[in-house]
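Take these sequences, add in the hints, and give me the full structure.
Protein chains: 2
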Amino acid sequence: MAIKGFKAAAVAANLRYKDRPDLGLIVSDGPAAWAGVFTQSVCQAAPVIWSRPLANKGRGRAILANSGQANAQTGREGDANCLRSAELIGAALGCPPEEIMLASTGIIGQQVNMPALAEAVPGLAAALSPGGLDDFARAIMTTDTFAKTAASECACDGGTVSVWGCAKGSGMIAPNMATMLGFVLTDANIAPELLRGIIREGADMSFNRVTVDGDTSTNDCLMLMASGAALVTGGPALEAFKTAVFTVMRNLARQIAKDGEGATKLVTVRLRGAASPEEALLAARTVAESPLVKTAFFGGDANWGRVFMALGRSGARFDPYAVNMDLDDVPWVRNGIDNGREEAASAVMQKTEYVLDINLNAGTSGCEMLTCDFSHEYVSINGDYRS
Amino acid sequence: MAIKGFKAAAVAANLRYKDRPDLGLIVSDGPAAWAGVFTQSVCQAAPVIWSRPLANKGRGRAILANSGQANAQTGREGDANCLRSAELIGAALGCPPEEIMLASTGIIGQQVNMPALAEAVPGLAAALSPGGLDDFARAIMTTDTFAKTAASECACDGGTVSVWGCAKGSGMIAPNMATMLGFVLTDANIAPELLRGIIREGADMSFNRVTVDGDTSTNDCLMLMASGAALVTGGPALEAFKTAVFTVMRNLARQIAKDGEGATKLVTVRLRGAASPEEALLAARTVAESPLVKTAFFGGDANWGRVFMALGRSGARFDPYAVNMDLDDVPWVRNGIDNGREEAASAVMQKTEYVLDINLNAGTSGCEMLTCDFSHEYVSINGDYRS
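Just so you know, the sequences run in chain order A and B.
In this text, residue positions in the first sequence follow our numbering: the first is 18, and each later residue adds one.
In this text, residue positions in the second sequence follow our numbering: the first is 18, and each later residue adds one.
No lab work stands behind these hints: they were computed from the structure.
Be careful, since some hints might not be right.
[Stated by the list, open to error] FRET-style restraints, in silico, Cβ to Cβ:
1. A/Y338 <-> B/G214: 30 to 40 Å
2. B/P294 <-> A/R93: 30 to 40 Å
3. A/E256 <-> B/T281: 20 to 30 Å
4. A/V372 <-> B/G75: 44 to 54 Å
5. A/E94 <-> B/R287: 27 to 37 Å
6. B/P294 <-> A/Y338: 34 to 44 Å
7. A/Y338 <-> B/G75: 41 to 51 Å
8. A/G332 <-> B/R37: 35 to 45 Å
[What the hints assert, rightly or not] Derived list of chain B stretches under chain A, where covered just means 3 residues or more per stretch with a C-beta under 8 Å from a C-beta of chain A:
9. 57 to 67
10. 116 to 126
11. 209 to 220
12. 351 to 358
For every residue, glycine included, the Cβ atom is placed at its ideal position computed from N, Cα and C.
This is the structure we're talking about:
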């Protein structure tokens, strides 16, 4: 897969992992429009602090991503290492460090292995090629069980615009690993201001709707770059372009949810009929993150009482006896009480993917969350005795 | 254990469980002052809806509690069953139903087994005795592994005032089981308005500080009754009395946390130095409820990165590099970075009880939460395939 105007590459720098790609680079041939959204955590990683103002400038040349060390809680040395990394890449590419965004995923509290990184930069730059996008996608993996990529395209005045994206992450996946990184590239010719709006709207309805365990990391980020190489004009194509970008983002988000640690099921919590958008989000998220609901998903237990318990404490306002719930096409709960379809409901819950549709009948706002079940493996992965 | 002015009893009514006490009654000899705090869930159980206005009246005679059915999401029939239960007890005691509060714990969505309850009432009333408090404590158990009681006393003008309490619950403990019930009795002679303030403050610093899995139920309640039989006057004794009540409540809350499903460790998250009381609570609760922190507790993994991750998303404001963390007396993190005491920190985390002290150094507000670890057993208990 290639996107006009971009080259990419990845190498095994052995920053922490041995003999697997852990350093990736995306470069646009010329200045690209870009935008980024980043974790809201108070404890932002150094690469987030480095990249955020650069994203806001609206234009840049390259993204360097590493796995192994998150460069979070690393103090002044961590910040200095960001500058040094950007300077090294900038020297290799012939551009200023401020045209390079950084993303990291790995252990919190440990410094980036700078000697190894510096040694790997020349080989990384030399390996850049239009076909290197999938290599980049692999370099950002930590304990993801598969590389997550997605692509889409749309017709615009004058031709076709392509969109490609990759992402990593699910729950914080092993001691000190950071979470969600997403990178979306396009050859569209589009202004940075428009990209900013698109990335926010897209993040909100995709990555921000995925919850594995409710925990967000110090390093989460989503970056969107547009090379302009498709040489098409804007206009009526904007909606088509947004659709293509959102399709890619939602696809990646779904893959992240599916790869949730120890997850055996992917559940869409479709919350409808809330009194306000805020309440729709609260209700959907509370259900999707409730440990008791998620263990019920794991056990395939058609236990609607737990869903009510989560809704009841979510902050959403509704009449408990107006609530309807469906599992796929099975009418599970009607008017707040059991609808006598427990066998059919249980059958749905044995599937690896299904929709839990909840209608609060308190308004017209809705929200969808993707979540997965809480299994023994989640506890094993995260409760490991090794430090 | 007995409290002057009260009698209690419990019987095996076989509402759902067989051959174990599941129906309990507390009766004051004369009108008692009382207060109650109840779940804020939008999906309030019928006994909560019944009891709340009665608690607000400030005076009553009796509390009837059952285990087996929560009488939640039971519609009009559930409400009617509350009235009927209170009428049955009222007839046996010779008092109006409005002088009887109700509490239930059990399966959500199933009606209370009224024939069995009605049959058990005469025997229950006949069994009332001053020594029946511990029987009552056992009747409210569901999958609690031990009956939870606590007692205290204080000196007042004219004599001694005694306080006794019992509670049940931990995480929502098996499919459809409700959570936290607490009952505190005293022979103090005290006005209802004072009891109201005491119960709110007490609940806030005890039961509301316990989190097993962040899930609160449809049935949570705490009731406080004062018989006045100690015949002591108020005045300078009020603070001593509050201390005695809070001691009992904190003791019960601690027992609840300790009995958390599958829990192997009891951890106090002591959050200090927050910029406001709200932020102190947010920070403490977010850390105490984070699945990744709790699995780290389970694994004994001295992983401070996860604590930062939770703090970072809590909503509290602070400088990440001003934060100090201690595990018991081990200085674990200083100024946001590792303090080189990993071995000693890990040793603390192997203990079954310890304190995680976090100082945000952003203000003067603090908050303590009691929590426990997330273990495989939690998933087993709650993810069981049986419906």
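Hints, verified against the model:
As the Cβ distance of A/Y338 to B/G214 is approximately 34 Å, the hint placing it in 30 to 40 Å holds. Hint check: B/P294 to A/R93, Cβ distance near 33 Å, so the stated range 30 to 40 Å holds. Between A/E256 and B/T281 the CB atoms are about 54 Å apart, so this pair departs from the stated range of 20 to 30 Å. For the pair A/V372 and B/G75, the supplied restraint of 44 to 54 Å holds, since their beta-carbon distance comes to about 48 Å.
The hint said 27 to 37 Å for the Cβ distance between A/E94 and B/R287, and at roughly 30 Å that hint holds. A hinted range of 34 to 44 Å for the beta carbons of B/P294 and A/Y338 is consistent with their spacing of about 36 Å. Between A/Y338 and B/G75, the C-beta spacing of about 30 Å breaks the proposed range 41 to 51 Å. As the Cβ distance of A/G332 to B/R37 is approximately 37 Å, the hint placing it in 35 to 45 Å holds.
Beta-carbon proximity to chain A at under 8 Å applies to 5 residues in the stretch 57 to 67 of chain B; the threshold of 3 is reached and the given coverage holds. Taking a C-beta to C-beta cut-off of 8 Å, the stretch 116 to 126 of chain B contributes 3 residues in contact with chain A, enough for the three needed, and the coverage statement holds. Coverage of a stretch by a chain is defined here by at least three residues with a beta carbon nearer than 8 Å to that chain's beta carbons; for the stretch 209 to 220 of chain B and chain A the count is 0, and the condition is violated. Only when three residues or more bring their CB closer than 8 Å to a CB of chain A does the claim for the stretch 351 to 358 of chain B stand; here the count is 3, and the claim holds.
Figure legend: structure checked against the earlier numbered hints; hints not met, in rising order: 3, 7 and 11.
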